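Take a look at the letters that make up each chain.
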Amino acid sequence: MVRLRNLFAVVMLFGIYSFLTAALFVTLDAVDVAFTEAAVGAGISTFLLLSTLALTVRREKVHHKRNLIPLLVVTAIGATLVYGTLDMPYFNDPHAPVHSHVARHYIEATEQEVGVPNLVTAVLASYRGYDTLGEVTVIFTAGIGVLALLGYRKRGSKP
Amino acid sequence: MRAAVQPYNLVLRVAAKMLIPLILMFALYVQFHGEIGPGGGFQAGVIFSAAFVLYALVFGMGLARAVATERVLRVLAAFGMLLYMGVGLASLFAGANFLDFNVLAQDRVEGQHLGIFLIELGIGMTVAAVMMTMFFAFAERGAKS
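Line by line, the protein sequences give chains D and C.
Take the position in the first sequence, starting the count at 1, then add 8; the result is the number in this note's numbering.
Take the position in the second sequence, starting the count at 1, then add 1174; the result is the number in this note's numbering.
Do not rely on the hints blindly, as some may be mistaken.
To be verified - Here are a few chain D residues that face chain C, going by a calculated C-beta distance under 10 Å:
| # | residue |
| --- | --- |
| 1 | Phe55 |
| 2 | Asn100 |
| 3 | His103 |
| 4 | Pro125 |
| 5 | Leu132 |
| 6 | Leu141 |
| 7 | Phe148 |
| 8 | Leu155 |
Unchecked claim - Simulated restraints on C-beta separations:
| # | chain 1 | residue 1 | chain 2 | residue 2 | range |
| --- | --- | --- | --- | --- | --- |
| 9 | D | Gly92 | C | Pro1195 | 34 to 42 Å |
| 10 | D | Ala104 | C | His1207 | 28 to 36 Å |
| 11 | C | Ala1270 | D | Pro125 | 30 to 38 Å |
Rather than coming from a laboratory, the hints here were simulated on the basis of the structure.
Quantities reported herein were computed from a predicted structural model and do not represent experimental measurements.
Built from N, CA and C at the ideal position, the CB exists for glycine as well.
When you get a sec, could you build the whole thing from the sequences and use the hints?
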């Protein structure tokens, strides 16, 4: 069991975790996802967390009273999630739903229908363009949220 | 967060000056090569904003803000989204489904290429602008107090 009160170290550990996840994606041949994980997860997230630390404090407050409810909630949710994974098909299972629905069509028809060599781009931008629009909207909304919370200065006051 | 890491650090400045053009170039490569290799608008936008973050950290907020002003970033973020949705609407007006790129050009594959190029550009703009907005929002708040 690892317990850290130094939030700077926690942020660094998160960054390392992100990089390891990116490496895992590379070994799974998902270079696009690995790229995103390395750029967003390890790069920008770490950086934003560090800037948050710079605005707040570096050490977690020590609570002397023990509160068991959060532990129970986390354990229950974790157990539910693990229970959910029991139904998942095995890795590389050729009969997994992900291989038997539209994936075959994407692999076979992308060359004629979209004509780009990178299947991931074809799926993200063309076949699933509507989902990607949603993702961009999420990013945009996040930007608006940050601006609303932190960005506005009072009129007349110089930055 | 301080406005600049060091008031004057020669090594840092020279290293940053050498790295920033390469980072920007790599971002553009990832942006426009995303159809062929790994990458795309999301990654390109993040890398592009990383170059600005590095610049702002080394040379100070004021100089970075001279290029990436609040207005520029806001317009860029909104324009990226509008470009994305505009491509969708264009295909709608051309008689196909929303975001169906087949009708954007004479040839079906050409239409797909054009559509993917435009929406990746929109994604890249929005992501880069939003990431920079977030960075400046955090950093300037720290510099103020």
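Against the structure, the hints come out as follows:
1. Phe55: holds, 7 Å
2. Asn100: Since chain C brings no Cβ nearer than about 22 Å to Asn100(D), farther than 10 Å, the hint is violated.
3. His103: Violated: closest Cβ of chain C sits about 28 Å from His103(D), beyond 10 Å.
4. Pro125: holds, 5 Å
5. Leu132: The hint holds - Leu132(D) has a Cβ within 10 Å of chain C, the shortest such distance being about 7 Å.
6. Leu141: holds, 6 Å
7. Phe148: Check passed: Cβ of Phe148(D) comes within 5 Å of chain C, closer than 10 Å.
8. Leu155: With a minimum Cβ separation of about 6 Å from chain C (threshold 10 Å), the hint on Leu155(D) holds.
9. Gly92(D) <-> Pro1195(C): 34 to 42 Å: Violated, at about 47 Å.
10. Ala104(D) <-> His1207(C): 28 to 36 Å: Since the Cβ atoms of Ala104(D) and His1207(C) sit about 31 Å apart, the hinted range of 28 to 36 Å holds.
11. Ala1270(C) <-> Pro125(D): 30 to 38 Å: violated, 24 Å
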